[in-house]
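Peer 1: Produce the entire structure from the sequences given, and follow the hints as far as they go.
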Amino acid sequence: MGREKAGRKREAMPGTSTGPAQTWGRFSRYSSALLFFFTFCAVVVVGLFVIRDLRRADKDEQNMFTGSVLSLHRIAALEYQTQETRRSTLYALGTADSNLHVKYADQSREADHLVSEGIAAYLANARTRNELDIGSRLRRDWSTYLSVRDEVLASILEGSAKEAVDRDLTEGVASFDRVRQDLAEIELIYDQQAAQQLSNVDATSRRTILRVAGVLAITLVATIASVWTIQRMRMTGAIQLAKLQMEFVASVSHELRTPLAVISSAADNIADGLVREKDDLRKYGAAIQTQSRQMMELVDQILLFSATKDRAGHAAFRTLDVARIVDSVIHQTAGFVRASGFHIELEMEPALPSVRGDASGLARCLQNMIVNAVKYGGESRWIGVRAFLRHSHLRGRSEIQIAVRDRGIGIAKSELARVFEPFYRSPAVVGEQIHGTGLGLSLSKNIAEAMGGHLTVESELGSGSVFTLHLPIVGDPGSQAAEDPRVPSSS
Amino acid sequence: MLRRAHVLFLFCAALLAGALLACSFGLAELSASEQAAAERNLAIVVNQSNPVNELTMAELRRVFLGERGHWPNGRRITLVMLEPGWPERAAVLTSIYHMDEAEFNNHFLHGLFTGEVFVSPKTLSTPEGVRKFIFNVPGAIGYLRASDVDKTVKVIHIDERLPGDKGYKLHVPPREGK
Chain Y
1 MGREKAGRKR EAMPGTSTGP AQTWGRFSRY SSALLFFFTF CAVVVVGLFV
51 IRDLRRADKD EQNMFTGSVL SLHRIAALEY QTQETRRSTL YALGTADSNL
101 HVKYADQSRE ADHLVSEGIA AYLANARTRN ELDIGSRLRR DWSTYLSVRD
151 EVLASILEGS AKEAVDRDLT EGVASFDRVR QDLAEIELIY DQQAAQQLSN
201 VDATSRRTIL RVAGVLAITL VATIASVWTI QRMRMTGAIQ LAKLQMEFVA
251 SVSHELRTPL AVISSAADNI ADGLVREKDD LRKYGAAIQT QSRQMMELVD
301 QILLFSATKD RAGHAAFRTL DVARIVDSVI HQTAGFVRAS GFHIELEMEP
351 ALPSVRGDAS GLARCLQNMI VNAVKYGGES RWIGVRAFLR HSHLRGRSEI
401 QIAVRDRGIG IAKSELARVF EPFYRSPAVV GEQIHGTGLG LSLSKNIAEA
451 MGGHLTVESE LGSGSVFTLH LPIVGDPGSQ AAEDPRVPSS S
Chain V
1 MLRRAHVLFL FCAALLAGAL LACSFGLAEL SASEQAAAER NLAIVVNQSN
51 PVNELTMAEL RRVFLGERGH WPNGRRITLV MLEPGWPERA AVLTSIYHMD
101 EAEFNNHFLH GLFTGEVFVS PKTLSTPEGV RKFIFNVPGA IGYLRASDVD
151 KTVKVIHIDE RLPGDKGYKL HVPPREGK
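Protein chains in written order, with my numbering: chain Y, 1 to 491; chain V, 1 to 178.
Simulated from the structure, these hints should not be mistaken for laboratory data.
Computed from a predicted model, the values in this text were never measured in an experiment.
Backbone N, C-alpha and C fix where the C-beta goes; we use that ideal spot for every residue, glycine too.
With a straight-line cut-off of 35 Å between C-alpha atoms, the simulated DSBU-like cross-links for lysine-lysine are: (1) Y/Lys162 x V/Lys154; (2) Y/Lys103 x V/Lys151; (3) Y/Lys162 x V/Lys151; (4) Y/Lys103 x V/Lys154; (5) Y/Lys243 x Y/Lys413; (6) V/Lys169 x Y/Lys103; (7) Y/Lys375 x Y/Lys283; (8) V/Lys151 x V/Lys169; (9) V/Lys154 x V/Lys169.
With beta-carbon atoms standing in for the labels, derived distance ranges: (10) V/Gly69 x Y/Leu169: 19 to 27 Å; (11) V/Ser49 x Y/Asp166: 16 to 24 Å; (12) V/Glu103 x Y/Ala174: 44 to 52 Å; (13) Y/Arg140 x V/Thr94: 45 to 53 Å.
Sample of chain V residues lacking proximity to chain Y, with all beta carbon distances greater than 10 Å (derived): (14) Pro51; (15) Asn53; (16) Leu65; (17) Trp71; (18) Gly74; (19) Trp86; (20) Glu101; (21) Leu109; (22) Ile156; (23) Arg161; (24) Leu162; (25) His171.
Peer 2: See the structure below:
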């Protein structure tokens with residue numbers, strides 16, 4: 001049987017299984033949840049970023065339209081109206097009809113009115129100092145041009161075409177050019193703003209693409225890593241299980257071969273007539289009987305474990321007197337213990353309360369613990385059995401604890417995590433050729449849990465081990481043994 | 001006692017309402033008569049920037065005959081006339097020029113040829129055109145029915161009187177259909 005140490009952490013979670021299959025199942029379950037959570041988070045995060053970027057891009061586009069494109073349209077309209085103002089004035093030069101003069105003057109004034117409104121709107125929307133300066137300069141230059149234009153118009157209407165042309169050439173052209181320059185500067189500012197905002201939109205778009213690609217890449221890598229880890233764990237678990245099974249087969253074969261060899265040898269000697277004396281025959285018969293019983297014991301244990309694992313057993317719970325069962329087990333194992341040169345020191349609190357469970361299962365569990373102590377008890381040849389009542393603060397209930405202590409070889413800390421795995425045997429134990437199947441502790445643990453209890457171990461390498469069976473007392477609300485069918489009947 | 005007070009209150013209210021009604025009718029009547037007077041009066045209008053606010057009838061006649069070339073501020077005088085056929089033109093020819101159409105044309109043809117006349121009148125087809133012309137030309141002077149005048153032009157006093165004033169001498173027959 002394998003041995004290991006279950007520390008206090010182990011005691012805190014006695015119901016947890018540690019076999020490769022369970023480990024694999026837990027990991028698979030957790031990793032799936034983790035993967036799902038991670039993917040969900042990634043999708044949420046990237047979604048939030050994308051939404052934020054889209055909103056920003058939309059805002060940038062709106063700003064670009066309202067702030068630049070629309071303004072460019074306005075400036076273009078403004079330029080057109082300034083041209084219209086001048087054009088209408090000059091049209092009037094081409095006719096001598098006073099009615100047409102008035103008509104062109106009207107057109108020119110309508111256009112200049114629109115220009116003035118446009119300039120006012122531009123100044124109202126100007127945000128930067130530069131825009132305000134240019135806007136003010138435009139308004140001043142436009143006003144200057146209009147005063148010239150008025151004089152030119154007056155001259156035309158008066159019929160002094162030459163005077164009108166002279167004035168327009170000397171003052172009108174220059175002032176109108178200044179207006180055009182101002183408008184060109186404003187257009188340049190809007191062009192720059194539009195280009196800047198377009199570049200912002202472009203940058204936002206690139207950033208969004210990079211973010212999406214990055215998160216998708218991370219998700220892909222995480223998925224691949226998870227799948228790889230799952231597959232690796234599955235493979236490792238399968239290999240470990242196969243190895244344990246092979247070790248188990250080898251161990252069982254060895255355990256069976258030894259008594260078979262004794263039986264076979266004894267049978268051969270009797271059959272060949274080498275043993276004829278009555279006393280010798282009795283000795284040979286006793287040897288065959290002992291070895292046969294050992295074989296039966298071994299087969300029983302394997303079948304019991306199989307039954308426990310398959311849950312093929314049925315519940316036969318009843319109220320048990322723990323003190324009587326402990327006494328009975330010590331009595332049953334007394335011969336084996338004495339033959340092994342050990343002695344048992346029993347310490348039992350008086351008037352221990354009852355527990356609910358299967359008597360034969362509990363006896364089997366205690367037997368395994370005592371046999372374990374004998375096998376790994378070392379040179380001290382001492383086993384301490386102690387039964388007492390304690391309150392478990394972790395579980396919030398009272399329980400009977402039966403501790404089996406030895407002062408033997410102990411268990412390395414690195415092996416404690418695997419102590420209750422079925423078929424597991426410590427390499428050190430195998431090296432020392434201590435025989436066993438690796439099923440005893442696993443079987444005892446399953447029995448304890450089926451009765452609502454648990455099995456813990458404390459150990460220090462070279463100092464010995466203490467295996468403690470925890471059983472809830474009858475009537476305690478924490479007891480959960482009543483309906484668990486896993487305790488097999490060994491009877 | 002209370003009933004008497006009620007009766008008295010109703011009586012006063014009826015009196016007040018009657019008075020208000022009479023006033024409104026009276027005001028409406030007055031407004032209508034003012035509008036009719038505005039239709040009949042001919043206003044002499046100049047550009048808003050023109051410093052001249054009044055002229056005597058004799059000065060006005062000199063200006064309209066083209067015998068005066070500039071305003072006191074140095075601006076050239078531009079005379080604006082409506083096309084023949086307008087009652088306003090007929091009234092001006094009668095009241096200011098004391099001429100008919102033929103004499104008017106001869107006067108300017110002869111005057112321009114001889115250099116006695118400094119201004120060649122601009123002829124426009126509508127009163128609105130006249131008003132806009134005067135608005136655009138600082139030295140322009142023309143005439144409009146008082147009802148066609150707006151704030152874009154300035155009406156000057158003639159012999160210290162404005163259209164509508166008692167003793168104002170420039171009148172025009174009402175428009176047809178009015």
